[in-house]
Amino acid sequence: MPYYHVLVTFTDSPKDPQCVLDDLSEQELKTKFVGLYKKGKDILCDKDVVRIGNIKSVQIIRTNKKSEDERSIIQEKSFKRIEELNRQSDSITIISPGYGYSPGDIAVAGEDVTSQYITRAPGHEASNFIFSLLNNPWVMTIGTGLILAALVAWLGLG
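For what it's worth, numbering that gives the first Met the number 0 labels the leading residue of the sequence shown as 0, then goes sequentially.
I should point out that these hints are in silico values taken from the structure, not numbers from a laboratory.
A quick note: this is a predicted structure, and the numbers were derived from the prediction, not measured.
Some clues are possibly wrong.
[Stated by the list, open to error] Taking lysine to aspartate or glutamate and the EDC-like style, the derived pairs with C-alpha atoms no more than 16 Å apart in a straight line are:
#1 Lys-29 x Asp-41
#2 Lys-31 x Asp-41
#3 Lys-64 x Asp-111
#4 Lys-65 x Glu-25
#5 Lys-64 x Glu-110
#6 Lys-55 x Asp-11
#7 Lys-55 x Asp-45
#8 Lys-65 x Asp-22
#9 Lys-31 x Asp-45
Based on the provided sequences and hints, a complete structural model is requested.
What follows is the structure in structure tokens.
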């Protein structure tokens with residue numbers, strides 16, 4: 000089963016992306032993030048409320064394993080790479096825990112599938128609701144009928 004992780008960069012802190020939701024099923028991704036994002040509504044992430052207006056960028060990552068397991072693999076690879084660099088170098092020694100310790104490091108482990116779920120700015124479905132309602136054939140037919148009835152009554156043709 001694939002797992003989805005939502006990374007967000009905020010306008011007031013344009014540093015590294017923060018993982019606001021992780022280990023979601025596709026259905027949870029759609030209900031907890033994508034649907035709310037498209038409607039322009041704020042998002043509840045654990046105990047924190049993410050204001051949709053504060054989002055600068057979004058990245059949705061799909062992995063085959065849960066975040067903790069994927070980041071553990073990243074940590075191992077990173078540690079082995081640092082050990083290899085230290086063995087090859089005679090003068091410089093790198094002292095670092097490596098990557099995979101931050102929840103945002105999940106971006107390295109999986110596939111970016113953002114464009115499959117988000118293609119427009121936040122709130123685009125909310126503003127399109129009124130437009131789609133007014134362009135609905137039933138609404139247009141009834142509205143036109145009411146306008147014609149009002150004109151007939153006003154002009155006294157009836």
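So, going through the hints one by one against the coordinates:
Between Lys-29 and Asp-41 the CA atoms are separated by roughly 14 Å; this keeps the pair inside 16 Å, and the hint holds. A hinted pair counts as satisfied when its Cα atoms are at most 16 Å apart, and Lys-31 with Asp-41 qualifies at roughly 10 Å. In summary, the hint linking Lys-64 to Asp-111 is supported, as the alpha carbons are separated by about 15 Å, within the 16 Å threshold. Taken as a hint, the Lys-65 and Glu-25 pair is honoured in the structure, with Cα atoms around 13 Å apart against an allowance of 16 Å.
About 12 Å separates the Cα atoms of Lys-64 and Glu-110, which keeps this hinted pair within 16 Å; it holds. The hinted pair formed by Lys-55 and Asp-11 meets the criterion: a straight-line CA distance of about 9 Å does not exceed 16 Å. Under the criterion of a C-alpha separation no larger than 16 Å, the hint pairing Lys-55 with Asp-45 is inconsistent with the structure, at around 20 Å. Using a Cα cut-off of 16 Å, the hinted pair Lys-65 and Asp-22 holds, with the two alpha carbons roughly 6 Å apart.
Straight-line distance between C-alpha atoms of Lys-31 and Asp-45 comes to about 11 Å, which keeps the hinted pair within the 16 Å bound.
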